[in-house]
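A.B. asks: Here is what each chain is made of, one letter per residue.
Number of protein chains: 2
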Amino acid sequence: MEQASVSDLTLRRLPKYLHFLLGLQKKKQEYTSASEISRHLEVHHTQVRKDLAFTGVRGIPKRGHKVNDLVKALEKYLNWDMTVYAILVGVGNLGTALLNYKGFETSGMQIVAAVDNDPQKAGLIYNKIKVFSIDKLPDLMATLNPSIAIISTTKEAAQKTAEKLIDNGIKGIWNFTPKFLDVPEDIIVENADIYPSLAVLVRKISELG
Amino acid sequence: MEQASVSDLTLRRLPKYLHFLLGLQKKKQEYTSASEISRHLEVHHTQVRKDLAFTGVRGIPKRGHKVNDLVKALEKYLNWDMTVYAILVGVGNLGTALLNYKGFETSGMQIVAAVDNDPQKAGLIYNKIKVFSIDKLPDLMATLNPSIAIISTTKEAAQKTAEKLIDNGIKGIWNFTPKFLDVPEDIIVENADIYPSLAVLVRKISELG
Chain Y
21 MEQASVSDLT LRRLPKYLHF LLGLQKKKQE YTSASEISRH LEVHHTQVRK
71 DLAFTGVRGI PKRGHKVNDL VKALEKYLNW DMTVYAILVG VGNLGTALLN
121 YKGFETSGMQ IVAAVDNDPQ KAGLIYNKIK VFSIDKLPDL MATLNPSIAI
171 ISTTKEAAQK TAEKLIDNGI KGIWNFTPKF LDVPEDIIVE NADIYPSLAV
221 LVRKISELG
Chain B
21 MEQASVSDLT LRRLPKYLHF LLGLQKKKQE YTSASEISRH LEVHHTQVRK
71 DLAFTGVRGI PKRGHKVNDL VKALEKYLNW DMTVYAILVG VGNLGTALLN
121 YKGFETSGMQ IVAAVDNDPQ KAGLIYNKIK VFSIDKLPDL MATLNPSIAI
171 ISTTKEAAQK TAEKLIDNGI KGIWNFTPKF LDVPEDIIVE NADIYPSLAV
221 LVRKISELG
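Protein sequences appear in the order of chains Y and B.
Heads up: take any position in the first sequence, counting from 1, add 20, and you land on the numbering used here.
Heads up: take any position in the second sequence, counting from 1, add 20, and you land on the numbering used here.
For the record, the hints were derived by calculation from the structure and aren't laboratory data.
Among the hints, a few may not be true.
Note: identical chains are not told apart, hence a pair may lie in one copy or across any two.
To be verified - Below, simulated DSBU-like cross-link-like pairs (lysine-lysine); rule was C-alpha separation at most 35 angstroms, straight line:
#1 K184 - K224
#2 K47 - K70
#3 K96 - K150
#4 K180 - K224
#5 K156 - K122
#6 K46 - K86
#7 K46 - K184
#8 K47 - K191
Bound conformation, chain Y alone (with noise of 0.2 angstroms):
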């Protein structure tokens, strides 16, 4: 796949594709079509024929696109050859079920350290990760040099979490609470938002009756 400009839009849908396509793989089906793709991830079929030109892999004709050799480009298109460095802040429940978390390792993210405001979380090691206090911010930042810090403290906390990341240098922030927040217009900001799904679930079970 050429790594030419891709909107954020198509970026979004990419690793859907990869999971759904992951799905097929391990159900050993070889062939996949741009029709199959849309019906199961709702994205208009000719979207989806778009995006699968993009990935390079052509199709056969009457059997579709090969599902590995569209999972090859995929997954180079989508982890790079590098890797991106974070730093995660605020150790509570979702913070501990993030480093946790084993599917990041082939994301092209890797979390080298956590840091919490309770004293008492530092030195604790999660999946090798080990958490530090937060006045150990500016060393880490020194040592590691991240540049995306995940943010999964309480809401409350967000905003002041993310003003001393900045000011530390953080050029990324992939925000998990529900905060919105207020950031200069060089930090790019993801917030990892469940509701588009909920919506989508909760709208379908009501039509149900």
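Place chain B on chain Y using the hints.
C.D. replies: Then chain B, alone, in the frame of chain Y:
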């Protein structure tokens, strides 16, 4: 806003708009425009214009749309008058975080019980929600009649859990595991997929160089 039929793609955008608008409301901003929303949420402005028209809230020339009116219309549409009941399965770190999460209160979904296969967890209460042994699932279904199950088990346990839930009458699943679930066609599955936002963040950070 009319209860017109709306595509899943539109439905997925509405919570994003609401989240952004609630942020403006907190900053006491009175009016917004399709182009402002478009800039912040990376949705094309013609699409935003279409979605705003769907809310039924009319804009005022040169001022835009009243933030409060849009918030009211979206909340009404997304929350409904009815509430859908959910049961959570898997009270690990992520499950506990979800039980303690306050944001669901205005989401149209209410978690009414939790179950876990560890008998030691039975009797625990988080955020007024009680944890039961997994054996109690048939009783809970009969008495509380939840239509949605939230699966926050391990990846390995997800498929078996889904099958058990479906056998007990669950119609919709909100899947928080990375497992791609194989379910009958009449069962609605939504994956709480955090990878799309990670993909965008990693990509943008890498582009900073």
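A.B. asks: Please go over all the hints and tell whether each is borne out by the structure.
C.D. replies: Here is how each hint holds up against the structure:
Within a single copy, K184 and K224 get their C-alpha atoms only as close as 41 angstroms, which misses the 35 angstroms cut-off; across copies the closest is 21 angstroms, which meets it. Taking the shortest Cα distances, K47 and K70 sit within 35 angstroms of each other inside one copy (25 angstroms), while across copies they are farther apart (40 angstroms). In the homo-oligomer, the alpha carbons of K96 and K150 lie at most 35 angstroms apart inside one protomer (29 angstroms), although the nearest pairing across protomers, at 44 angstroms, exceeds that limit. For a Cα distance limit of 35 angstroms, the shortest separation of K180 from K224 across copies, 23 angstroms, qualifies, whereas the shortest one inside one copy, 38 angstroms, does not.
Proximity of K156 to K122 under the C-alpha cut-off of 35 angstroms is found in both arrangements, the shortest distances being 26 angstroms within a copy and 30 angstroms between copies. Proximity of K46 to K86 under the C-alpha cut-off of 35 angstroms is restricted to the intra-copy arrangement: shortest distance 14 angstroms within a copy versus 49 angstroms between copies. Taking CA atoms no more than 35 angstroms apart as the test, K46 paired with K184 passes between copies only; the shortest distance there is 21 angstroms, against 44 angstroms inside one copy. In the homo-oligomer, the alpha carbons of K47 and K191 lie at most 35 angstroms apart only across protomers (24 angstroms), although the nearest pairing inside one protomer, at 40 angstroms, exceeds that limit.
Violated hints are absent here; each numbered hint is respected by the structure.
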